[in-house]
Structures are given as C-alpha cells and as structure tokens.
Amino acid sequence: MISNTAFDIVVNGIVLKPLRLKKKEVCDYLKFSVEQLRKVSMNDESFPRPIKTGSTRQSGVYYDFNEIMFWKEKNL
Numbered sequence: 901m902i903s904n905t906a907f908d909i910v911v912n913g914i915v916l917k918p919l920r921l922k923k924k925e926v927c928d929y930l931k932f933s934v935e936q937l938r939k940v941s942m943n944d945e946s947f948p949r950p951i952k953t954g955s956t957r958q959s960g961v962y963y964d965f966n967e968i969m970f971w972k973e974k975n976l
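The sequence shown begins at 901 in our numbering and counts up by one.
Worth flagging that the hints you see were computed from the coordinates, not collected in a lab. A hint or two may mislead.
Stated by the list, open to error - Label-pair ranges, simulated between beta-carbon atoms:
1) Thr956 - Asn904: 29 to 37 Å
2) Arg957 - Glu935: 20 to 28 Å
3) Ser955 - Lys922: 13 to 21 Å
4) Ser959 - Asp908: 35 to 43 Å
Unchecked claim - Listed below are the simulated DSSO-like cross-link pairs for lysine-lysine, each with C-alpha atoms no more than 30 Å apart in a straight line:
5) Lys972 - Lys923
6) Lys923 - Lys974
7) Lys939 - Lys952
8) Lys924 - Lys952
9) Lys952 - Lys931
10) Lys939 - Lys972
11) Lys972 - Lys917
12) Lys922 - Lys952
13) Lys952 - Lys917
14) Lys922 - Lys972
15) Lys952 - Lys974
16) Lys972 - Lys952
17) Lys917 - Lys974
18) Lys931 - Lys972
19) Lys924 - Lys974
20) Lys939 - Lys974
21) Lys924 - Lys972
22) Lys939 - Lys924
23) Lys923 - Lys939
24) Lys974 - Lys922
25) Lys931 - Lys917
For every residue, glycine included, the Cβ atom is placed at its ideal position computed from N, Cα and C.
Turn these sequences into a full structure, and let the hints steer you where they fit.
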C-alpha cells in the first residue's frame, strides 16, 4: 500500500505524488542522514540510482520518487 507523504500535493481532492526528489528530500523521506544515504546507495544494488539532469558538474541530481517509495516499502 502506498502511504501519504509530506511531499504530496492535493489538487481538487486528488493526491499528486512528486516525480523526483532531491538528495535532502530522499534523506528526509527515508529518515537517513546524508552519510547513510551514500552508504546505502553504494552498497545496496537494489537501491535506485540517481538521475543527473545535465552533463556538467553543477547539474542537479534527483531520485525517482516511485523507485524510492517502492524501495522503502520493500527494505525498511
């Protein structure tokens, strides 16, 4: 079952889930520190891979919300 999160947006009674989360938002959602997130992403092959939005070093890095949500339900 998919639970409600702090990231949900309600429009006309419809709950919308975000498409992507920043690293800090993933940490908040999973209740991980940044260091815990780094270790899990390095050591757990099933953990969702980050998505880089560009080719430069300054490009944002995001995680797919659905992948993070399903990983949490399966592993935590």
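Hints violated by the structure (listed by number, smallest first): 4
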